[in-house]
Amino acid sequence: MRFIALDVHRDFCEVAISEDGRIRSHPRIPADVEHLQVFAQSLAPDDHVCLEVTGNALAIVRILEPFVERVVLVNAKAVRAITSAKVKTDKI
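Converting from the sequence shown to this note's numbering requires adding 324 to each position, the first position being numbered 1.
Bear in mind the hints are in silico, worked out from the structure with no lab data behind them.
Keep in mind that the hints are not guaranteed to be accurate.
Quick list of the computed label-pair ranges, beta carbon to beta carbon [stated by the list, open to error]:
| no. | residue 1 | residue 2 | range |
| --- | --- | --- | --- |
| 1 | Gly345 | Ala383 | 30 to 38 angstroms |
| 2 | Phe336 | Leu397 | 28 to 36 angstroms |
| 3 | Ala400 | Ile341 | 18 to 26 angstroms |
Because the structure is a prediction, the values reported are computed rather than measured.
By construction, the Cβ of each residue, glycine as well, lies at the ideal position given by its N, Cα and C atoms.
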């Protein structure tokens with residue numbers, strides 16, 4: 325199982341892949357249907373993909389969903405608020 329993060333821009337996507345505890349980058353993918361479909365076909369059925377909510381995120385999700393186990397849309401502002409919070413509830 326791999327975890328794949330897409331940083332979606334208007335014309336391209338940056339890709340990071342976490343596999344077996346190691347993170348590696350993947351070449352940039354043009355953010356058009358043809359290139360995203362080729363990328364989607366290279367994914368494994370047990371892969372998990374996350375990407376930030378942007379203008380074209382839902383279109384990308386629709387392309388990727390048939391090829392992977394899970395696609396998650398991330399609200400960057402909410403994640404930033406959680407990770408920078410001073411209040412911690414974890415017990416030590």
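These are the hints, each one checked on the structure:
Range check, Gly345 to Ala383: Cβ separation about 32 angstroms, and the 30 to 38 angstroms hint holds. The given range of 28 to 36 angstroms is broken by Phe336 and Leu397, whose C-beta atoms sit roughly 19 angstroms from each other. In this structure the hint that Ala400 and Ile341 lie 18 to 26 angstroms apart at CB holds, the actual value being about 20 angstroms.
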